[in-house]
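So the protein sequences, as listed, match chains B and A.
In our numbering, each number is its position in the first sequence, counted from 1, plus 299.
In our numbering, each number is its position in the second sequence, counted from 1, plus 364.
Hints were generated in silico from the structure; no laboratory data involved.
Any given hint could turn out to be false.
[Said to hold, decoys possible] Only part of the chain B face toward chain A is listed, based on derived beta-carbon distances under 8 Å: (1) Thr331; (2) Ser342; (3) Lys396; (4) Gln403; (5) Phe405; (6) Gly408.
Just so we're clear, the structure is a prediction, and the values are computed from it rather than from any experiment.
Idealized CB from N, CA, C, for every residue including glycine.
So the chains spell out like this:
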Amino acid sequence: GAVVSQHPSRVICKSGTSVKIECRSLDFQATTMFWYRQFPKQSLMLMATSNEGSKATYEQGVEKDKFLINHASLTLSTLTVTSAHPEDSSFYICSAKKGLRYEQYFGPGTRLTVT
Amino acid sequence: ELKVEQNPLFLSMQEGKNYTIYCNYSTTSDRLYWYRQDPGKSLESLFVLLSNGAVKQEGRLMASLDTKARLSTLHITAAVHDLSATYFCAVDIPDSNYQLIWGAGTKLIIKP
Chain B
300 GAVVSQHPSR
310 VICKSGTSVK
320 IECRSLDFQA
330 TTMFWYRQFP
340 KQSLMLMATS
350 NEGSKATYEQ
360 GVEKDKFLIN
370 HASLTLSTLT
380 VTSAHPEDSS
390 FYICSAKKGL
400 RYEQYFGPGT
410 RLTVT
Chain A
365 ELKVEQNPLF
375 LSMQEGKNYT
385 IYCNYSTTSD
395 RLYWYRQDPG
405 KSLESLFVLL
415 SNGAVKQEGR
425 LMASLDTKAR
435 LSTLHITAAV
445 HDLSATYFCA
455 VDIPDSNYQL
465 IWGAGTKLII
475 KP
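Make a model of the complete structure from these sequences and hints.
Below is the structure:
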């Protein structure tokens, strides 16, 4: 149990377009999902915490109007990168947790390349 | 400031050797996580250490936790090439929905 999927696994988009990344908990209800980005050879950077049914909490320095997060159901959160630019190219990873438990279950990641 | 520091950041070693990766943290969290990441892949959970003195072992990897010293170690015994990966430690913040604070990662290369 505790499987998290992400779609797409890879996406290439043109500069100025928007791209949506989905994060799904397949076999459990995820009250909280976290969105991370990871640059090459670096650690994970938390972008935002998403609680079902409420607005996401963004970390300092993350533009909430650029990285739109929606957690509309207990099994789905989406990250939309709006007006993408090459500097948004990165590996985006989501994780999900159940209720008040501490364990996070990680998705397989989405490689975004903006040309 | 909440910080997690790993060392070394890069480690190249021969198969068959033993080595230890260190993880120091500045918070009062009593939960310490170790993850493995292969190139181009997401994170694989290795261990969650929940209390002072906790020791967990899986194959050639053994993790321990000293909450008084705020130190965790990941020990590799008789390394094999398949253990080549980047290893991250992290601690969580209970009051922030168990948000994780990450170390920088240790890139481990094991040469045949």
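Tested hints:
Using the Cβ-Cβ criterion of 8 Å, the hint placing B:Thr331 at the interface with chain A is satisfied: the shortest such distance is roughly 5 Å. Because the smallest distance between the Cβ of B:Ser342 and any Cβ of chain A comes to about 5 Å, under 8 Å, the interface hint for this residue holds. Satisfaction of the interface hint for B:Lys396 is found here, the shortest Cβ-Cβ separation to chain A being roughly 7 Å, below the 8 Å cut-off. For B:Gln403, the interface hint holds, since its Cβ comes within 8 Å of a Cβ in chain A; the closest pair sits about 7 Å apart.
Using the Cβ-Cβ criterion of 8 Å, the hint placing B:Phe405 at the interface with chain A is satisfied: the shortest such distance is roughly 5 Å. Checking B:Gly408 against chain A: minimum C-beta separation of about 4 Å stays under 8 Å; hint holds.
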